[in-house]
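> With the hints as constraints, model all of the structure from the sequences given.
Spelled out, the chains give:
There are 2 protein chains.
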Amino acid sequence: MTNLLSSLTAPAEDAEQASERASFWSRIAQQLADAIGQGVYRPGERLPSEHALAEQFGVNRHTIRRSLAHLDQRGLVHATQGRGTFVEAFAVDLALGKRSRHRQSLAQAGLRGGLQVMHAQEVAANADQALALQVTPDSPLLFLQVLGEGAGQPLHVSERYFPLPRFTGLAEIVQASGSITAAFAQLGVADYQRQESRISARLPSKEVARWLSQSSTRPVILVSSVNLDPQGVPIEFSMAWFAGDRVTLTVKHDEP
Amino acid sequence: MTNLLSSLTAPAEDAEQASERASFWSRIAQQLADAIGQGVYRPGERLPSEHALAEQFGVNRHTIRRSLAHLDQRGLVHATQGRGTFVEAFAVDLALGKRSRHRQSLAQAGLRGGLQVMHAQEVAANADQALALQVTPDSPLLFLQVLGEGAGQPLHVSERYFPLPRFTGLAEIVQASGSITAAFAQLGVADYQRQESRISARLPSKEVARWLSQSSTRPVILVSSVNLDPQGVPIEFSMAWFAGDRVTLTVKHDEP
DNA sequence: CGATATTTGTCCGTATGTATA
DNA sequence: GTATACATACGGACAAATATC
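Just so you know, the sequences run in chain order A and B.
Counting from 1, one number per residue, gives the positions in the first sequence under my numbering.
Counting from 1, one number per residue, gives the positions in the second sequence under my numbering.
The set of hints was computed from the structure by calculation and includes no laboratory data.
In this text, a Cβ means the ideal position worked out from N, Cα and C, and glycines have one as well.
Be a bit skeptical, because a hint or two may be false.
So, partial list: chain B residues that the calculated Cβ filter (under 10 Å) puts toward chain A [unchecked claim]: (1) Gln73; (2) Asp93; (3) Arg194; (4) Ser200; (5) Ile221.
For lysine to any residue, the following SDA-like pairs were computed, each having C-alpha atoms within a straight-line distance of at most 20 Å [as the list claims (entries may be wrong)]: (6) A:Lys206 to B:Arg74; (7) B:Lys252 to A:Val233; (8) A:Lys206 to A:Glu149; (9) B:Lys252 to A:Leu131; (10) B:Lys252 to A:Arg99; (11) B:Lys252 to B:Ser100; (12) A:Lys206 to B:Ser26; (13) A:Lys206 to A:Pro154; (14) B:Lys206 to A:Ala69; (15) A:Lys252 to A:Asp93; (16) B:Lys252 to A:Pro234; (17) B:Lys252 to A:Glu196; (18) A:Lys206 to A:Gln153; (19) B:Lys252 to B:Asp93; (20) A:Lys252 to A:Gln195; (21) B:Lys252 to B:Gln193; (22) B:Lys206 to A:Arg27; (23) B:Lys206 to A:Gln30; (24) B:Lys206 to A:Gln31; (25) B:Lys252 to A:Gln195; (26) B:Lys206 to B:Gln153; (27) A:Lys206 to B:Ala69.
Calculated Cβ distances over 10 Å to all of chain A for the following chain B residues [unchecked claim]: (28) Ala35; (29) Gly37; (30) Arg42; (31) Pro43; (32) Phe86; (33) Gln116; (34) Thr136; (35) Glu149; (36) Gly188; (37) Ala209.
Shown next, in the form of structure tokens:
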């Protein structure tokens with residue numbers, strides 16, 4: 001039973017100086033990250049169990065858990081109870097511009113993807129939504145919860161609000177076509193633009209983390225934006241959570 | 001010695017059903033978050049020690065540590081060895097547009113802030129930098145490491161590259177004025193625009209976390225961008241790390 | 001300045017619960 | 001149902017950084 005930590009502990013025990021003074025857990029995390037980087041463990045693959053890693057590295061299982069939690073936070077792996085700890089895949093580049101479209105962005109990246117309506121409901125506008133969409137509070141809105149996929153994995157989830165009755169039936173078209181743009185087109189909005197986007201980084205709620213199939217300790221990018229029709233009338237207010245380290249958003253400031 | 005967990009454990013012990021089945025650590029984290037939200041613990045204030053909290057809540061210190069780690073990740077508190085665990089302050093809104101300026105953004109938010117040069121050095125352009133700045137590889141560049149402050153705390157750190165010899169002496173002007181815009185102006189660039197920005201969310205390196213005075217388990221927004229002079233010539237390539245939950249970036253897509 | 005107490009950080013060991021294969 | 005694997009929680013010990021006297 002080889003002790004992979006021997007190369008780590010040896011210097012600290014031989015000489016009291018120990019140039020490598022990092023903690024066990026961080027050194028093990030680094031070694032695992034290197035192994036992933038070198039393809040020893042490939043995306044989608046399962047790592048050895050915590051118990052096995054603890055034996056391999058000659059440390060307690062809790063120390064391994066600390067290392068794995070760190071890698072989970074950094075997005076390299078993700079643990080699921082009862083299944084194991086799996087290596088994550090890599091990032092996708094998405095455009096964030098006044099005229100960017102989800103499907104188009106993915107196509108440019110050589111990927112296929114679409115939108116899936118998880119939930120649709122009619123709601124009454126609250127103050128924020130009313131302000132953003134320039135309607136009176138309590139106006140009827142269509143509320144959609146949408147999952148955006150690409151490269152075979154969830155890239156973002158969003159909550160979107162559309163004024164009613166203008167966009168009655170939009171949910172069904174989005175569900176059928178997998179595209180907001182297509183749904184807008186079918187309802188007479190041939191073009192639209194994003195007004196502004198507000199961006200911050202957060203740790204996701206448990207629910208959002210679950211939808212994105214990621215740990216709730218991995219960051220997400222939160223983007224709030226408003227879309228306008230060609231007449232400048234707001235047609236959509238959305239809050240989207242992007243898997244922070246699976247996605248890079250590119251803002252083009254000089255778009256037409 | 002009151003056991004603050006009594007209200008938590010009671011239902012689980014009274015009836016086996018226990019509608020609140022969340023873990024101790026998450027419920028304690030929620031209670032602490034609520035206390036912070038209600039101003040029981042104010043920004044900058046120190047929380048009771050882990051030992052004290054463990055006694056208060058009637059749980060093991062490790063359970064408290066789990067709760068605090070969660071709040072640390074979410075940015076509500078930050079722990080420092082030997083000092084304690086402190087409540088963090090709140091977010092600042094920054095503009096991210098083709099013509100946004102750090103100082104101006106802060107002024108709009110009613111805050112004062114400036115840039116501080118942490119490190120300046122002449123370097124040779126690598127492939128990425130050369131491509132972004134449209135110079136030949138190994139061309140001389142001025143490299144600046146800059147800390148951006150606002151509201152009395154670090155908001156972002158950045159690594160910036162400027163072509164030489166055009167911007168010789170820029171570091172000293174930035175240091176003296178606390179402003180990149182002022183330095184550009186003094187060197188004959190009266191105006192400039194951002195070409196594009198690439199945004200992702202990451203967990204910071206230990207170094208970046210230290211500069212931002214934040215935990216390395218709290219997310220940062222990474223923004224890479226290129227600035228152009230009025231003739232469209234690249235004058236700056238930068239990578240900036242924003243304290244993810246102290247900062248909201250707003251992208252204006254319809255700026256002039 | 002040094003000595004000491006406090007506080008967080010790391011690590012081990014053990015036990016039990018819960019989700020999945 | 002059984003076995004496996006991760007999740008939670010307890011207990012103890014010492015190290016490292018900081019505050020305090």
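> Take the hints in turn and mark each one as holding or not.
The hints, checked one at a time:
1. Gln73: 6 Å, holds
2. Asp93: OK, holds: B:Asp93 within 10 Å of chain A, min 8 Å.
3. Arg194: At about 5 Å, which falls below the 10 Å cut-off, the nearest Cβ of chain A leaves the hint on B:Arg194 intact, so it holds.
4. Ser200: 4 Å, holds
5. Ile221: 5 Å, holds
6. A:Lys206 to B:Arg74: Roughly 12 Å between the alpha carbons, so the hint for A:Lys206 and B:Arg74 holds.
7. B:Lys252 to A:Val233: Between B:Lys252 and A:Val233 the Cα gap is close to 17 Å, so the pair holds against 20 Å.
8. A:Lys206 to A:Glu149: Holds: A:Lys206 and A:Glu149 sit about 19 Å apart, inside 20 Å.
9. B:Lys252 to A:Leu131: This hinted pair holds, its Cα atoms lying about 17 Å apart.
10. B:Lys252 to A:Arg99: Status holds; Cα separation ~13 Å.
11. B:Lys252 to B:Ser100: Satisfied, since the Cα-Cα distance of roughly 9 Å is no more than 20 Å.
12. A:Lys206 to B:Ser26: 11 Å, holds
13. A:Lys206 to A:Pro154: Holds. A:Lys206 to A:Pro154 sits at ~15 Å (cutoff 20 Å).
14. B:Lys206 to A:Ala69: 16 Å, holds
15. A:Lys252 to A:Asp93: 13 Å, holds
16. B:Lys252 to A:Pro234: Given that 20 Å is the threshold and the Cα spacing comes to 15 Å, the pair holds.
17. B:Lys252 to A:Glu196: 5 Å, holds
18. A:Lys206 to A:Gln153: Roughly 18 Å separates the two Cα atoms, so the pair holds.
19. B:Lys252 to B:Asp93: 13 Å, holds
20. A:Lys252 to A:Gln195: 13 Å, holds
21. B:Lys252 to B:Gln193: 13 Å, holds
22. B:Lys206 to A:Arg27: Holds, because 14 Å separates the two Cα atoms, which is no more than 20 Å.
23. B:Lys206 to A:Gln30: Given pair B:Lys206, A:Gln30 holds - Cα atoms ~13 Å apart, limit 20 Å.
24. B:Lys206 to A:Gln31: 17 Å, holds
25. B:Lys252 to A:Gln195: 7 Å, holds
26. B:Lys206 to B:Gln153: Holds, at about 18 Å.
27. A:Lys206 to B:Ala69: Cα-Cα ~16 Å, so holds.
28. Ala35: Holds, because the least Cβ-Cβ distance between B:Ala35 and chain A comes to about 19 Å, which exceeds 10 Å.
29. Gly37: Nearest chain A Cβ is 16 Å from B:Gly37, so the label holds.
30. Arg42: Holds, because the least Cβ-Cβ distance between B:Arg42 and chain A comes to about 22 Å, which exceeds 10 Å.
31. Pro43: 18 Å, holds
32. Phe86: 19 Å, holds
33. Gln116: 23 Å, holds
34. Thr136: 24 Å, holds
35. Glu149: 19 Å, holds
36. Gly188: 22 Å, holds
37. Ala209: Holds, since 12 Å exceeds 10 Å.
Checked against the numbered hints listed earlier, the structure breaks none of them; every hint is satisfied.
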